[in-house]
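Participant: Each chain, written out:
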Amino acid sequence: MAKVNVKVCLGTTCFVMGSSNLQELLDLVPKKYGEDVEVAGSPCLGLCSIDWEFSKAPYVKVNDEVIKEATVEKVLAAIDKELKA
Amino acid sequence: MFIDIDCHQTKKYNQNAFGDYFVSKRYPDEARLIAVLSDGLGSGIKANILSCMTATMLLRFVEGDQIPIKDAAEIVMNSLPVCQVRKISYSTFSIIDINDEGHAKVVEEGNPDFLWIRNGEVMKPNYDSIPSKTHKNRCMKSYKIKLDLGDRLIFCSDGITQCGLGNPKLKLGLRRDGLIDLVLAKLKEEPEISSSDLSEYIVRQARNIETDRNPKDDMSALVLYCREPRKSLVFTGPPFLQKNDAEYAREFLEFKGKKAIAGGTTANLISRELNIPITMDKTISIGKLPSCSYMEGVDLVTEGILTLTQTLEYLENGQWDIDNAAGKLVKFLLDSDCIYFMVGAKLNQAHYNPALPIEIEIRKNIIKRMKSILQDKYFKKVSVQYM
Numbered sequence: 079m080a081k082v083n084v085k086v087c088l089g090t091t092c093f094v095m096g097s098s099n100l101q102e103l104l105d106l107v108p109k110k111y112g113e114d115v116e117v118a119g120s121p122c123l124g125l126c127s128i129d130w131e132f133s134k135a136p137y138v139k140v141n142d143e144v145i146k147e148a149t150v151e152k153v154l155a156a157i158d159k160e161l162k163a
Numbered sequence: 077m078f079i080d081i082d083c084h085q086t087k088k089y090n091q092n093a094f095g096d097y098f099v100s101k102r103y104p105d106e107a108r109l110i111a112v113l114s115d116g117l118g119s120g121i122k123a124n125i126l127s128c129m130t131a132t133m134l135l136r137f138v139e140g141d142q143i144p145i146k147d148a149a150e151i152v153m154n155s156l157p158v159c160q161v162r163k164i165s166y167s168t169f170s171i172i173d174i175n176d177e178g179h180a181k182v183v184e185e186g187n188p189d190f191l192w193i194r195n196g197e198v199m200k201p202n203y204d205s206i207p208s209k210t211h212k213n214r215c216m217k218s219y220k221i222k223l224d225l226g227d228r229l230i231f232c233s234d235g236i237t238q239c240g241l242g243n244p245k246l247k248l249g250l251r252r253d254g255l256i257d258l259v260l261a262k263l264k265e266e267p268e269i270s271s272s273d274l275s276e277y278i279v280r281q282a283r284n285i286e287t288d289r290n291p292k293d294d295m296s297a298l299v300l301y302c303r304e305p306r307k308s309l310v311f312t313g314p315p316f317l318q319k320n321d322a323e324y325a326r327e328f329l330e331f332k333g334k335k336a337i338a339g340g341t342t343a344n345l346i347s348r349e350l351n352i353p354i355t356m357d358k359t360i361s362i363g364k365l366p367s368c369s370y371m372e373g374v375d376l377v378t379e380g381i382l383t384l385t386q387t388l389e390y391l392e393n394g395q396w397d398i399d400n401a402a403g404k405l406v407k408f409l410l411d412s413d414c415i416y417f418m419v420g421a422k423l424n425q426a427h428y429n430p431a432l433p434i435e436i437e438i439r440k441n442i443i444k445r446m447k448s449i450l451q452d453k454y455f456k457k458v459s460v461q462y463m
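If you're matching them up, the sequences are chains A and B in order. All residue numbers for the first sequence refer to the numbering used here, where the first residue is 79 and numbers rise by one. All residue numbers for the second sequence refer to the numbering used here, where the first residue is 77 and numbers rise by one.
In isolation and in its complexed conformation, chain B is listed as follows (with noise of 0.2 angstroms):
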C-alpha cells in the first residue's frame, strides 16, 4: 500500500510568511511515514517560527523511536510557553506516524479534528484524551487506527475550518461540518482525486469562502491517500559490463509499471537487446534539449545527462516547460509513487573532453540528487539500482 501525501497552505492575508508549518520524511528502509503539521500563535514571521520549532522537533522526537510518540507529544505538549499578551499556548500541533501496512498513530493538540474518510463516509475512531498536568486548557487526543486500501486522512488547521467567520451565511465560519460537505461532495465527482489535488482544492475553496478572497488567518490542508502504488522506472547508462547487457534488458523488460529510457546509448542498448526499433521524434528543438524519441512498449525515451540535469533543475525549482523531454520526464516522475531507477555505472570517455560544458556531470551524481529531492520534496519512495 502506498500512503500518497501532500499539504497545501496560504499565507494570511497581508503576511509574508507562512504560520503554519508542515514537514514530512519518509523512511524506505522501515516503510514508515511521519508527518507533522503545526499552527503557531498569530501570523507572519512570528506564527513561522513557533510553527517551525514544534514541528521539527516533534519529527526528531518520533523519529528517533527511543519514546512512544504518544510520550514526545506530552512533552512537547507540556513544555510549549505561553504568550503572554493572549495567554494561549504558542503552537498547536498534529502528529501522523504510519507505516506501509496502515497501521497510523495520530495525536493531536489544538488543532481541528482530522478527518477519516472511508467509502465515502467520515468514520468516528476512538481516542484517548491526555490532559496536560502543567496546562490547564491543554488537552491532546491520542489515536490508534488502522488503514485499509482507499482511506483518506484530512488535517487542516482552524484557517481552514474558521474560514468565512462572520460572512452574513457562515456566521461561525465553514466549521468541520462544512468541511465535511466540501470534501465528501468532492470525493464523490473525483474518488481517485490524488493528495496534492485534494488538498489544494480545499485550501482554494476556503479562500474561496473567505471576504474578498483575503484568508484571515493561515490555512493548512494536509491529505493523506492509501492506494496501490503507481511503479515506474527509469533506466539510464549502459551496464559497467556489457556482458550483462542482456540481462538488465530483460529485467527492464519484464518490470511491471511505467518505463522511461534515459540515454542514447541506453536506449540503442535496449532496442538491441530486445528487438525494439528507435523511431525519433521529428520536432526541432534547437539549443534545448534533444528531442524524445519512440520505442514500443517504453512510456518515454529521451536523451540522457542534459535532460536528466534540466529534469533535476525543474524538479528543485518546482516549474518546468511541459513541451520539452525533461518537462516529460518530470511530469513521468510525479505521475508516479515508487520510481525505480537502474543506473549503469559504464562512464563515457567523450564526456570528460574539456571542451565539453561543465554542466555534464556523473550520472550517478545527478541521480543522488534526483533521489533526494524526489524523496524530500515530492514525497515519492524511490530505489536505486547501480549495474
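Isolated chain A (complex conformation) (with noise of 0.2 angstroms):
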C-alpha cells in the first residue's frame, strides 16, 4: 500500500490561521498510523495567494486533496478515507 502522505502548510497566514496548533501531527499522526503516514511541514504551499476566498487558511494537504480550514480531527478523518480507499 502507498504511503499517505500529509503536507501540513506553515506559511505566514496558515501560521497565524492556525496551522501552529496542528503541528502536534507531526506527533500524533506517527503514535497513530505508524508508518502508513508520513507528515511533514512545507514552508508554504502556495495555496492562501490563489484561492480568492483567502479565509479558509489554514490548509493541509493529504495525498492530493486540498483541506481547507484545517482541524486536528478533520486532517485525522481525511487520513482514515484515503487509507481506506
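Hints in this document: simulated from the structure, not taken from any laboratory. Warning: the hint list may mix true and false statements.
[Claimed, not checked] Calculated pairs, DSS-like style, for lysine-lysine (alpha carbon to alpha carbon, straight line, at most 25 angstroms):
1) B/Lys364 x A/Lys134
2) B/Lys358 x A/Lys139
3) B/Lys358 x A/Lys152
4) B/Lys200 x A/Lys85
5) B/Lys364 x A/Lys146
6) A/Lys109 x B/Lys422
7) A/Lys152 x B/Lys364
8) A/Lys146 x B/Lys422
9) B/Lys358 x A/Lys110
10) A/Lys81 x B/Lys358
11) A/Lys139 x B/Lys364
12) B/Lys334 x B/Lys447
13) B/Lys364 x A/Lys109
14) B/Lys200 x B/Lys264
15) B/Lys358 x A/Lys85
16) A/Lys134 x B/Lys422
17) B/Lys358 x A/Lys146
With the hints as a guide, bring both chains together as one complex.
Facilitator: This is the structure we're talking about:
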C-alpha cells in the first residue's frame, strides 16, 4: 500500500490562522498510524495566494486532497478516508 | 576592507548613569565611519550629560565636512567650560574619522593615548600637538594614519588605564603599559577576536583589577578592527514580476557569502528555480514561530513576516531566544559585516485578511526598520535591493 502523504502548511497566513496548532500532527500521526502515513511541514503550499477565499487558511494537503480551515479532526478524518480508499 | 567597531562600557560603582559616552556612525555612500568617545567630568548624570553633549556635537561637526576635523576639535576644546570646583575641563574626547581604504584621522584631547596594533606590536604614530590658545592645560593631538588589513585601534577612557589605583600590586593603576600587555596577550591567544569580544574583555579585565570589582570610574573600551568583510545575503519575498524569478534566483545562487531565505513562498521559488529540494525541520514549535527548513547551499531558511518581525524585535531589545528561527536569523545577521537584502515587492493578498493579527506588516517596512537598526545599533553595512 502506498503511503499517505500529509503536508501541513507553515507559511505565514496558515501559521497565524491556526496551523501552529496542527503541528501536533507531527507527533500524533506517527503514534496512531505508524509507518503508513508520513507527515511533514511545508514552508508554504502556496494556496492562500491563489484561493481567493483566503479566509480558508490553514491548509493541509492529504495526498492530493486540499483541506481548508484544517483542524486536527478534519485531517485525521481525511487520513482515514485515504487509508480506506 | 571592513572596519569592525564596538565599544564596551561599565558605570562607576554606585552610579546609575554612564559618565562616558560613545557614538559612532557609518556613512555607506562615502565608505566612511566616524566614532567619538568622550569622558565627562565627574560621574553619574552630570558626566553623562557633559560627555553626551561633547560627543554628539563633535560627530555633527565632523560629519558635516564643512570644517576640517582638526578645526572642529580645536573649537570644541577651546569652548569646553572649566569646572568651578575642580578647575579642569568639563570633558575629554577622542575622535576617529576613517574610510574603507584605512585612511584615518584621529584627534585626542584628555583621553589616554590610543593603541595602534599591527602584527602584535604597538605602533608609534607621529602627531601634531595643538595647544589651546585659551586654556593652558589643554592640548590636543592630531594624527593622520594609514591602517592596513589586520590592524587594530584601541581607545579607552582613563577609567581603564587608572583601574586598580591604590592596590598594593598596582600602586599607579593598570596604566598604558598594563593595558598593552593585557591586549597583546589576548591577541596572541585569539588573533581574530572581534571588536565586540575584545572591548568586552578589556572592560571585564579592568573591572577584575578593581577592589571588590567595583569600578572607581566609568570605564569604556572602544575597539576598531580592519578586516575582510563577512558578507551575507537575505532573500525575502517573491519578485514583483514573476518573469524575473529565474534571474533573481541566479543572482542568489552566485552570491559569494552566507545566504538566508526568509519566506515560505520565497523558499519554494528558489527551490523551483534552482532545483534544490526543501526539507522541513521536524521539531514542533507550537505558538511561537514556524520552524526552519533546510536547503543545500543555503545557510538558513525561515518563514517570512512573522520571523522577520520577531527578529526586528530581538534586535531592538538586544536579547534573543536562540532556539527559534528568529534567534537564528539574529545570529546570522550579527555574524556578518555587510548584509544585502533582496526584497521582493509582491504582496500576498491573503496577508490583508482582517482576520489576521495586525502584527503582519508590509515586508518593505520591516526591512527598512531592520536596516536602520542594524546600521545604527550594530554598526553593520546594509544595502537593500527591491525587486
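Participant: If a hint holds in the structure, say so; if it doesn't, say that too.
Facilitator: Right, here's what the structure says about each hint:
no. : hint                : verdict
1   : B/Lys364 x A/Lys134 : holds (21 angstroms)
2   : B/Lys358 x A/Lys139 : holds (17 angstroms)
3   : B/Lys358 x A/Lys152 : holds (21 angstroms)
4   : B/Lys200 x A/Lys85  : violated (65 angstroms)
5   : B/Lys364 x A/Lys146 : holds (22 angstroms)
6   : A/Lys109 x B/Lys422 : violated (40 angstroms)
7   : A/Lys152 x B/Lys364 : holds (23 angstroms)
8   : A/Lys146 x B/Lys422 : holds (24 angstroms)
9   : B/Lys358 x A/Lys110 : holds (17 angstroms)
10  : A/Lys81 x B/Lys358  : holds (18 angstroms)
11  : A/Lys139 x B/Lys364 : holds (22 angstroms)
12  : B/Lys334 x B/Lys447 : holds (18 angstroms)
13  : B/Lys364 x A/Lys109 : holds (24 angstroms)
14  : B/Lys200 x B/Lys264 : holds (20 angstroms)
15  : B/Lys358 x A/Lys85  : holds (12 angstroms)
16  : A/Lys134 x B/Lys422 : holds (21 angstroms)
17  : B/Lys358 x A/Lys146 : holds (22 angstroms)
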